[in-house]
Amino acid sequence: MPSISKIAATTLAVTSALLVGAPGVSAAAVRAVEQEQVNFCDWDAENELATKLARDVNQDVLDFIFNGGPPVPIEPAPPAQSAAADDGRMLEVGVYMHVVDNPEDKNLTKFLLDRSDFDRQIGVLNEKYAPVNISFHFLDADWKRHEFKDNEPSPLRHPITKELQHGDTKTLNLFWKKGNTNWGGSTLTFNKNGARTDAMYVNADTVLGGSHPVWNLGITVVHEVGHWFGLGHTSMIRPGDCEWNWQNKPGMSNETCGSQCDHNYMSYGVDECLSEFTPAQISSMRKYAIEQRGL
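Heads up: the sequence shown runs through residues -27 to -1, 1 to 268, numbered per mature numbering (1 follows the signal peptide of the UniProt record, and there is no 0).
Just so you know, the hints here were simulated from the structure itself, not pulled from any lab data.
Keep in mind that the hints are not guaranteed to be accurate.
With a straight-line cut-off of 25 Å between C-alpha atoms, the simulated BS3-like cross-links for lysine-lysine are [as the list claims (entries may be wrong)]: (1) Lys151 <-> Lys222; (2) Lys143 <-> Lys122; (3) Lys83 <-> Lys135.
Only a predicted model underlies this, so the values are computations on that prediction, with no experimental measurement involved.
Modelling step: build the complete structure from the supplied sequences, incorporating the hints.
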(Lines of atoms letter the chains of each structure in order from A and count residues from 1; the text may use other names and numbers.)
(Lines give C-alpha, C1' and ligand atoms only; values in the text may rest on other atoms or scores of the structure.)
Protein backbone atom coordinates (compact mmCIF):
# COMPACT_ATOMS: atom_id res chain seq x y z
CA MET A 1 0.00 0.00 0.00
CA PRO A 2 1.36 3.46 -0.78
CA SER A 3 1.87 5.78 2.18
CA ILE A 4 -0.35 8.47 0.69
CA SER A 5 -2.51 8.70 -2.42
CA LYS A 6 -0.51 8.27 -5.61
CA ILE A 7 -1.18 11.73 -6.97
CA ALA A 8 -0.42 13.45 -3.68
CA ALA A 9 2.85 11.54 -3.52
CA THR A 10 3.75 12.67 -7.04
CA THR A 11 2.95 16.25 -6.17
CA LEU A 12 4.99 16.16 -2.98
CA ALA A 13 8.02 14.83 -4.82
CA VAL A 14 7.85 17.73 -7.28
CA THR A 15 7.06 20.49 -4.81
CA SER A 16 8.84 19.69 -1.54
CA ALA A 17 11.96 21.59 -2.56
CA LEU A 18 9.85 24.67 -3.31
CA LEU A 19 7.64 24.61 -0.24
CA VAL A 20 10.25 25.83 2.23
CA GLY A 21 10.54 29.04 0.26
CA ALA A 22 6.80 29.56 0.01
CA PRO A 23 5.46 32.42 2.17
CA GLY A 24 4.25 31.21 5.56
CA VAL A 25 5.36 27.61 5.01
CA SER A 26 8.07 26.28 7.31
CA ALA A 27 10.44 23.38 6.73
CA ALA A 28 8.89 21.64 9.73
CA ALA A 29 5.45 21.88 8.15
CA VAL A 30 6.77 20.35 4.93
CA ARG A 31 8.31 17.45 6.83
CA ALA A 32 5.07 16.94 8.73
CA VAL A 33 3.19 16.50 5.47
CA GLU A 34 5.82 14.27 3.91
CA GLN A 35 5.82 11.97 6.94
CA GLU A 36 2.04 11.44 6.99
CA GLN A 37 1.08 7.74 6.92
CA VAL A 38 -2.16 6.15 5.75
CA ASN A 39 -2.96 2.49 5.25
CA PHE A 40 -6.69 2.32 4.66
CA CYS A 41 -7.57 3.19 1.08
CA ASP A 42 -5.64 2.91 -2.17
CA TRP A 43 -7.39 5.15 -4.68
CA ASP A 44 -6.10 5.26 -8.24
CA ALA A 45 -7.79 7.96 -10.28
CA GLU A 46 -6.90 9.85 -13.42
CA ASN A 47 -8.50 13.01 -12.09
CA GLU A 48 -8.31 13.48 -8.34
CA LEU A 49 -10.30 16.30 -6.84
CA ALA A 50 -8.39 18.06 -4.08
CA THR A 51 -11.04 18.21 -1.39
CA LYS A 52 -10.42 20.99 1.10
CA LEU A 53 -9.33 20.18 4.62
CA ALA A 54 -11.93 20.53 7.33
CA ARG A 55 -9.21 21.40 9.82
CA ASP A 56 -6.31 23.85 9.91
CA VAL A 57 -3.33 21.51 10.33
CA ASN A 58 -0.81 22.03 7.50
CA GLN A 59 -3.35 24.12 5.60
CA ASP A 60 -0.69 26.47 4.20
CA VAL A 61 1.27 23.54 2.84
CA LEU A 62 -1.76 21.88 1.28
CA ASP A 63 -2.99 25.14 -0.23
CA PHE A 64 0.39 25.54 -1.89
CA ILE A 65 0.47 21.95 -3.14
CA PHE A 66 -3.03 21.86 -4.56
CA ASN A 67 -3.46 25.49 -5.62
CA GLY A 68 -0.05 27.00 -6.25
CA GLY A 69 2.41 24.23 -6.96
CA PRO A 70 3.53 22.75 -10.28
CA PRO A 71 0.82 20.83 -12.14
CA VAL A 72 0.65 17.09 -11.61
CA PRO A 73 1.37 15.23 -14.88
CA ILE A 74 -1.88 13.31 -15.20
CA GLU A 75 -4.57 13.06 -17.84
CA PRO A 76 -8.02 14.48 -17.05
CA ALA A 77 -11.09 12.31 -16.90
CA PRO A 78 -12.93 12.05 -20.22
CA PRO A 79 -15.11 15.10 -20.94
CA ALA A 80 -18.82 14.64 -20.70
CA GLN A 81 -20.55 14.33 -24.04
CA SER A 82 -23.17 16.77 -22.88
CA ALA A 83 -23.17 18.68 -19.63
CA ALA A 84 -26.55 18.39 -17.93
CA ALA A 85 -27.71 20.86 -15.33
CA ASP A 86 -28.36 19.64 -11.80
CA ASP A 87 -32.05 20.09 -11.13
CA GLY A 88 -31.79 18.54 -7.68
CA ARG A 89 -33.50 15.31 -8.67
CA MET A 90 -32.80 11.98 -6.99
CA LEU A 91 -29.92 10.21 -8.75
CA GLU A 92 -30.38 6.44 -8.76
CA VAL A 93 -27.47 3.99 -8.94
CA GLY A 94 -27.84 0.28 -9.65
CA VAL A 95 -25.32 -1.93 -7.86
CA TYR A 96 -23.83 -5.27 -8.88
CA MET A 97 -22.06 -7.17 -6.11
CA HIS A 98 -19.16 -9.51 -6.95
CA VAL A 99 -17.52 -11.75 -4.35
CA VAL A 100 -14.08 -13.01 -5.40
CA ASP A 101 -12.36 -15.57 -3.19
CA ASN A 102 -10.97 -19.11 -3.07
CA PRO A 103 -12.70 -20.72 -0.09
CA GLU A 104 -11.22 -23.84 1.47
CA ASP A 105 -14.59 -25.57 1.24
CA LYS A 106 -14.82 -26.29 -2.49
CA ASN A 107 -18.48 -27.24 -2.15
CA LEU A 108 -19.50 -23.68 -1.33
CA THR A 109 -21.35 -21.84 -4.07
CA LYS A 110 -21.67 -18.65 -2.02
CA PHE A 111 -18.95 -17.47 0.35
CA LEU A 112 -17.68 -14.54 2.43
CA LEU A 113 -20.94 -12.58 2.02
CA ASP A 114 -24.57 -13.32 1.20
CA ARG A 115 -27.65 -11.40 0.10
CA SER A 116 -28.42 -10.21 3.63
CA ASP A 117 -24.94 -8.62 3.80
CA PHE A 118 -25.55 -6.88 0.49
CA ASP A 119 -28.92 -5.57 1.64
CA ARG A 120 -27.42 -4.17 4.84
CA GLN A 121 -24.63 -2.46 2.90
CA ILE A 122 -27.09 -0.93 0.45
CA GLY A 123 -29.00 0.35 3.46
CA VAL A 124 -25.88 2.06 4.80
CA LEU A 125 -25.23 3.69 1.42
CA ASN A 126 -28.78 4.98 1.19
CA GLU A 127 -28.63 6.40 4.71
CA LYS A 128 -25.27 8.14 4.30
CA TYR A 129 -25.95 9.43 0.78
CA ALA A 130 -29.45 10.71 1.60
CA PRO A 131 -28.09 14.29 2.07
CA VAL A 132 -26.55 13.99 -1.42
CA ASN A 133 -29.93 12.90 -2.84
CA ILE A 134 -28.35 9.79 -4.37
CA SER A 135 -29.95 6.38 -3.87
CA PHE A 136 -28.67 2.85 -4.48
CA HIS A 137 -30.51 -0.35 -5.34
CA PHE A 138 -29.31 -3.94 -5.60
CA LEU A 139 -29.29 -5.45 -9.10
CA ASP A 140 -27.57 -8.83 -8.87
CA ALA A 141 -24.65 -10.71 -7.34
CA ASP A 142 -22.17 -13.41 -8.28
CA TRP A 143 -19.52 -15.46 -6.48
CA LYS A 144 -16.28 -16.22 -8.32
CA ARG A 145 -13.51 -18.57 -7.22
CA HIS A 146 -10.13 -16.93 -7.63
CA GLU A 147 -7.04 -16.42 -5.50
CA PHE A 148 -5.08 -13.29 -6.38
CA LYS A 149 -1.36 -14.05 -6.51
CA ASP A 150 1.62 -11.73 -6.18
CA ASN A 151 2.68 -12.24 -9.80
CA GLU A 152 -0.75 -11.29 -11.16
CA PRO A 153 -2.04 -7.81 -12.00
CA SER A 154 -3.64 -5.96 -9.12
CA PRO A 155 -7.30 -6.89 -8.59
CA LEU A 156 -8.44 -3.55 -10.02
CA ARG A 157 -6.67 -4.29 -13.31
CA HIS A 158 -7.07 -8.05 -13.31
CA PRO A 159 -8.94 -9.61 -16.29
CA ILE A 160 -11.41 -11.18 -13.88
CA THR A 161 -12.60 -7.71 -12.90
CA LYS A 162 -13.41 -6.74 -16.47
CA GLU A 163 -14.97 -10.15 -17.05
CA LEU A 164 -17.42 -9.73 -14.18
CA GLN A 165 -18.36 -6.09 -14.75
CA HIS A 166 -21.89 -5.27 -15.85
CA GLY A 167 -23.66 -2.14 -16.99
CA ASP A 168 -22.19 1.20 -17.97
CA THR A 169 -20.74 4.27 -16.27
CA LYS A 170 -23.97 4.72 -14.33
CA THR A 171 -23.62 1.28 -12.75
CA LEU A 172 -21.62 0.58 -9.61
CA ASN A 173 -19.69 -2.70 -9.66
CA LEU A 174 -18.67 -3.47 -6.10
CA PHE A 175 -16.15 -6.28 -5.68
CA TRP A 176 -15.53 -7.94 -2.33
CA LYS A 177 -12.44 -9.90 -1.34
CA LYS A 178 -10.69 -11.02 1.81
CA GLY A 179 -8.17 -8.52 3.18
CA ASN A 180 -5.97 -7.92 6.18
CA THR A 181 -6.88 -5.48 8.94
CA ASN A 182 -4.82 -2.65 7.38
CA TRP A 183 -6.66 -2.59 4.06
CA GLY A 184 -10.14 -1.21 3.59
CA GLY A 185 -10.62 -0.79 -0.14
CA SER A 186 -9.28 0.30 -3.52
CA THR A 187 -11.02 2.25 -6.27
CA LEU A 188 -10.07 2.91 -9.88
CA THR A 189 -12.00 5.43 -11.96
CA PHE A 190 -11.94 6.22 -15.69
CA ASN A 191 -8.66 5.71 -17.50
CA LYS A 192 -6.99 8.37 -19.65
CA ASN A 193 -8.54 7.03 -22.87
CA GLY A 194 -12.04 7.14 -21.46
CA ALA A 195 -12.41 3.35 -21.44
CA ARG A 196 -14.69 1.73 -18.87
CA THR A 197 -12.14 0.49 -16.35
CA ASP A 198 -13.57 1.88 -13.14
CA ALA A 199 -13.98 -0.68 -10.39
CA MET A 200 -14.00 -0.94 -6.64
CA TYR A 201 -12.64 -3.64 -4.34
CA VAL A 202 -13.54 -3.63 -0.66
CA ASN A 203 -12.45 -5.78 2.27
CA ALA A 204 -15.35 -8.17 2.93
CA ASP A 205 -14.80 -7.85 6.68
CA THR A 206 -15.81 -4.16 6.58
CA VAL A 207 -19.45 -4.76 5.66
CA LEU A 208 -22.02 -3.69 8.26
CA GLY A 209 -21.75 -6.28 11.02
CA GLY A 210 -18.44 -7.59 9.66
CA SER A 211 -15.52 -8.99 11.63
CA HIS A 212 -13.06 -6.12 11.19
CA PRO A 213 -12.13 -4.67 14.61
CA VAL A 214 -13.05 -1.04 13.81
CA TRP A 215 -14.24 -0.86 10.18
CA ASN A 216 -17.46 -2.82 10.56
CA LEU A 217 -20.27 -0.30 10.10
CA GLY A 218 -20.17 -0.26 6.30
CA ILE A 219 -18.44 3.13 6.11
CA THR A 220 -15.56 1.79 3.98
CA VAL A 221 -17.94 1.46 1.04
CA VAL A 222 -19.30 4.96 1.71
CA HIS A 223 -15.70 6.24 1.49
CA GLU A 224 -14.89 4.29 -1.69
CA VAL A 225 -18.12 5.37 -3.39
CA GLY A 226 -17.04 8.94 -2.66
CA HIS A 227 -14.00 8.24 -4.85
CA TRP A 228 -16.32 6.69 -7.46
CA PHE A 229 -18.07 10.06 -7.56
CA GLY A 230 -14.77 11.90 -7.98
CA LEU A 231 -13.93 12.94 -4.42
CA GLY A 232 -10.39 12.91 -3.06
CA HIS A 233 -9.32 12.48 0.54
CA THR A 234 -10.01 15.39 2.86
CA SER A 235 -6.39 15.55 3.98
CA MET A 236 -3.16 13.64 4.36
CA ILE A 237 -4.45 12.17 7.59
CA ARG A 238 -2.04 11.02 10.27
CA PRO A 239 -2.54 7.90 12.40
CA GLY A 240 -4.72 8.77 15.37
CA ASP A 241 -6.49 11.74 13.79
CA CYS A 242 -9.81 9.88 13.50
CA GLU A 243 -9.23 6.69 15.44
CA TRP A 244 -8.28 5.37 18.82
CA ASN A 245 -5.12 3.31 19.13
CA TRP A 246 -6.75 0.00 18.25
CA GLN A 247 -3.48 -1.40 16.86
CA ASN A 248 -1.53 -0.48 20.01
CA LYS A 249 1.05 1.58 18.14
CA PRO A 250 3.66 3.47 20.18
CA GLY A 251 3.06 7.19 20.54
CA MET A 252 -0.61 7.14 19.54
CA SER A 253 -3.38 8.46 21.75
CA ASN A 254 -6.31 6.40 22.99
CA GLU A 255 -8.68 9.34 22.57
CA THR A 256 -11.83 7.97 20.95
CA CYS A 257 -11.68 9.89 17.67
CA GLY A 258 -8.49 11.90 17.98
CA SER A 259 -8.19 15.63 18.60
CA GLN A 260 -7.72 16.43 14.89
CA CYS A 261 -10.56 14.30 13.50
CA ASP A 262 -12.67 16.12 10.91
CA HIS A 263 -15.36 13.38 10.94
CA ASN A 264 -15.53 13.43 7.13
CA TYR A 265 -16.34 10.24 5.24
CA MET A 266 -13.37 10.94 2.97
CA SER A 267 -10.94 10.97 5.90
CA TYR A 268 -9.07 7.96 7.21
CA GLY A 269 -10.46 6.71 10.48
CA VAL A 270 -12.55 4.16 12.30
CA ASP A 271 -16.16 3.88 11.18
CA GLU A 272 -17.70 5.32 14.34
CA CYS A 273 -15.74 8.58 13.92
CA LEU A 274 -16.79 9.40 10.33
CA SER A 275 -20.21 10.95 9.87
CA GLU A 276 -20.52 13.61 7.17
CA PHE A 277 -19.93 15.07 3.72
CA THR A 278 -19.44 18.83 3.36
CA PRO A 279 -21.78 20.93 1.17
CA ALA A 280 -18.90 21.38 -1.30
CA GLN A 281 -18.39 17.62 -1.51
CA ILE A 282 -22.10 17.07 -2.06
CA SER A 283 -22.15 19.59 -4.89
CA SER A 284 -19.01 18.07 -6.41
CA MET A 285 -20.35 14.51 -6.30
CA ARG A 286 -23.62 15.47 -7.93
CA LYS A 287 -21.80 17.36 -10.67
CA TYR A 288 -19.52 14.37 -11.31
CA ALA A 289 -22.45 11.94 -11.25
CA ILE A 290 -24.40 13.93 -13.82
CA GLU A 291 -21.61 15.11 -16.13
CA GLN A 292 -19.18 12.18 -15.96
CA ARG A 293 -21.41 9.22 -15.18
CA GLY A 294 -24.52 10.35 -17.00
CA LEU A 295 -26.89 9.85 -14.09
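Outcome of the hint check:
The suggested pairing of Lys151 with Lys222 holds, with an alpha-carbon distance near 24 Å, which does not exceed 25 Å. Only pairs whose Cα atoms come within 25 Å are accepted, and Lys143 paired with Lys122 is rejected, the gap being roughly 30 Å. Restraint check for Lys83 and Lys135: satisfied, since their Cα atoms lie roughly 20 Å apart, inside the 25 Å limit.
Checked against the numbered hints listed earlier, the structure breaks hint 2 alone; every other hint is satisfied.
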